[in-house]
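Q: Construct all of the structure, not just a fragment, from the sequences and the given hints.
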Amino acid sequence: MRYFIEFSYSGKNYFGYQVQPREISVQEVLEKALSTILREDVKTTGAGRTDTGVHAKQIFAHFDTDKNVTDKLVYQLNSFLPTDIAVKRIFSVKDDFHARFDATFRTYEYYISLKKNPFTQDSSWQIWKRDLEVSRMNEACKILFEYKDFTSFSKLHTQNKTNNCKIYKAYWEQNGSELKFTISADRFLRNMVRAIVGTMVEIGSGKLEPSDLKTIIEDKNRNAAGTSAPAQGLFLVEVGYDFDNDNNS
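Numbering of the sequence shown is given in my numbering, commencing with residue 1120 and proceeding in unit increments.
Since the hints were derived computationally from the structure, they do not count as laboratory data. All values derive from a computational prediction rather than experimental measurement. One or more hints might be untrue.
What the hints assert, rightly or not - Distance ranges between label pairs, derived from CB positions:
| no. | residue 1 | residue 2 | range |
| --- | --- | --- | --- |
| 1 | E1142 | P1237 | 25 to 31 Å |
| 2 | F1362 | Q1139 | 27 to 33 Å |
| 3 | K1274 | H1217 | 36 to 42 Å |
| 4 | H1217 | L1157 | 17 to 23 Å |
| 5 | H1217 | S1296 | 38 to 44 Å |
| 6 | I1143 | T1189 | 36 to 42 Å |
| 7 | L1157 | K1299 | 34 to 40 Å |
Don't be surprised by glycine CBs; every beta carbon is placed ideally from N, CA and C.
A: Encoded structure:
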């Protein structure tokens, strides 16, 4: 049987989701917990990989087992896992349903604190020494919908077959001294959201004009874009699936 597991985690103590040769990862900790409880070697496939320090409010992974899995496993996992990883639910799916390839969209949020705040230093980019004009940043967001090739915002030397992404939404909101950037797409390139945010901050601070974003994207050169925003402000918040077509879920 194939099962989907929905969970969340704080990425502060991990070198991303995916297993690393010499560093601790969320996947390693999750697989160890599943293997211990189910008493067999369990491997998971995640909805995607997150970079070191990036958080996930909602993420899915799938795993296969012949054991009878019940809701009790959620309780057992949450008792076994560290406090920075929490399992919400586990449910059966079709044997060929895939956590990564069957995802229809992913949504990220990025948080910026405009005032020095010791309570959000692990969950936002602290920018309190310069002003950011949100209207300019939202003007630049509209340009993102005009393009599909985002090579300029991709980590260099990756093995992507294509750098094309379809962006569904992208906008900034301000709530007091907090800025939140929301972006949703069918897929994302490695480092893409953080590179976009870093470039948007340069637009918001006046170093770049909103229209400069067109030149940056069309240049298809990572060096043309801004410096990547710090990892701790980034959250994967939603992964979408067409569960309606999966009779087992």
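Q: Taking the beta carbons of F1362 and Q1139, is their distance inside 27 to 33 Å?
A: Holds - the Cβ-Cβ distance for F1362 and Q1139, about 31 Å, lies within 27 to 33 Å.
Q: Is the hinted range of 38 to 44 Å satisfied by the C-beta distance from H1217 to S1296?
A: The hint (38 to 44 Å, Cβ to Cβ) holds, given that H1217 and S1296 are roughly 41 Å apart.
Q: Could you tell me whether the CB distance from H1217 to L1157 stays inside 17 to 23 Å?
A: holds (21 Å)
Q: Look at the Cβ atoms of I1143 and T1189 and judge whether their distance stays inside 36 to 42 Å.
A: violated (29 Å)
Q: Can you tell me whether the CB distance of L1157 to K1299 sits inside 34 to 40 Å?
A: Check passed, 38 Å falls within 34 to 40 Å.
Q: Using the beta carbons of E1142 and P1237, state whether their distance is inside 25 to 31 Å or not.
A: holds (27 Å)
Q: Could one say that the CB atoms of K1274 and H1217 fall in the range 36 to 42 Å?
A: violated (23 Å)
Hint check: violations occur at hints 3 and 6; the rest are consistent with the structure.
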